[in-house]
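The lines below spell out each chain.
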Amino acid sequence: ETGVTQTPRHLVMGMTNKKSLKCEQHLGHNAMYWYKQSAKKPLELMFVYNFKEQTENNSVPSRFSPECPNSSHLFLHLHTLQPEDSALYLCASSRGGGLGEQFFGPGTRLTVL
Amino acid sequence: KNEVEQSPQNLTAQEGEFITINCSYSVGISALHWLQQHPGGGIVSLFMLSSGKKKHGRLIATINIQEKHSSLHITASHPRDSAVYICAVRDTGNQFYFGTGTSLTVIP
Numbered sequence: 001e002t003g004v005t006q007t008p009r010h011l012v013m014g015m016t017n018k019k020s021l022k023c024e025q026h027l028g029h030n031a032m033y034w035y036k037q038s039a040k041k042p043l044e045l046m047f048v049y050n051f052k053e054q055t056e057n058n059s060v061p062s063r064f065s066p067e068c069p070n071s072s073h074l075f076l077h078l079h080t081l082q083p084e085d086s087a088l089y090l091c092a093s094s095r096g097g098g099l100g101e102q103f104f105g106p107g108t109r110l111t112v113l
Numbered sequence: 001k002n003e004v005e006q007s008p009q010n011l012t013a014q015e016g017e018f019i020t021i022n023c024s025y026s027v028g029i030s031a032l033h034w035l036q037q038h039p040g041g042g043i044v045s046l047f048m049l050s051s052g053k054k055k056h057g058r059l060i061a062t063i064n065i066q067e068k069h070s071s072l073h074i075t076a077s078h079p080r081d082s083a084v085y086i087c088a089v090r091d092t093g094n095q096f097y098f099g100t101g102t103s104l105t106v107i108p
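Residue numbers (the working numbering), protein chains in the order written: chain A, 1 to 113; chain B, 1 to 108.
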């Protein structure tokens, strides 16, 4: 148990659906991250929020829309996804900005049909 | 070509064996990390290195900055070590690059 929770753990959606992934951290951290992990590919950092402000958006398609209402919660809103978006989506949080200081959630396994 | 390359991609070992996982990178780095990902997805940070060697229990991580290479060693491997081990680097511009991971299975 890392103090970072993600819901749902599994999600199957059609290409026309709209869904949201939720991440919550109970560690008092001020930075939160979304990562994408596809089979046989390296982890990809998608978004970074620091004190609720988005500080990084690594060329992510607009069909992924993040929201950070406060330092403890992070959402990833999904709409009109493609089958190639099927992946494990990991949330992480940290007090500082270093990778080694990040605590990861268990991930949401997303399948787009 | 990925900035971080790991080998092997898959590794099966008998319990008790000494295991080595290798990581090579092509960028100038400020730090290198070894991460462990168990089935189910969650990731745990094992080591952060910028030089030399670190040891934690049965795990040892080394880095050679000149050769741009790092190794993760597991001594007296155990089935609970079965996981994916990911090498990641932070470059001097604060960008993170990740390897594709090494999937380790330790058989009792």
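Derived from the structure by calculation, the hints contain no laboratory data.
Everything numeric in this text was worked out from a predicted model, so none of it was measured.
It is possible that part of the hints are untrue.
What the hints assert, rightly or not - Some, not all, of what chain A presents toward chain B, calculated at C-beta under 7 angstroms:
{"hint": "1", "residue": "Pro42"}
{"hint": "2", "residue": "Leu43"}
{"hint": "3", "residue": "Tyr49"}
{"hint": "4", "residue": "Leu88"}
{"hint": "5", "residue": "Pro106"}
{"hint": "6", "residue": "Gly107"}
Claimed, not checked - To be clear about the criterion: a stretch of chain B counts as covered by chain A if any three or more of its residues have a C-beta under 8 angstroms from a C-beta of chain A, and this derived list gives those stretches:
{"hint": "7", "segment": "39 to 47"}
{"hint": "8", "segment": "74 to 87"}
Glycine included, C-beta positions come from ideal geometry on N, C-alpha and C.
* Asked: Looking back at the hints listed earlier, which ones does the structure fail to meet?
  -> 3 and 8
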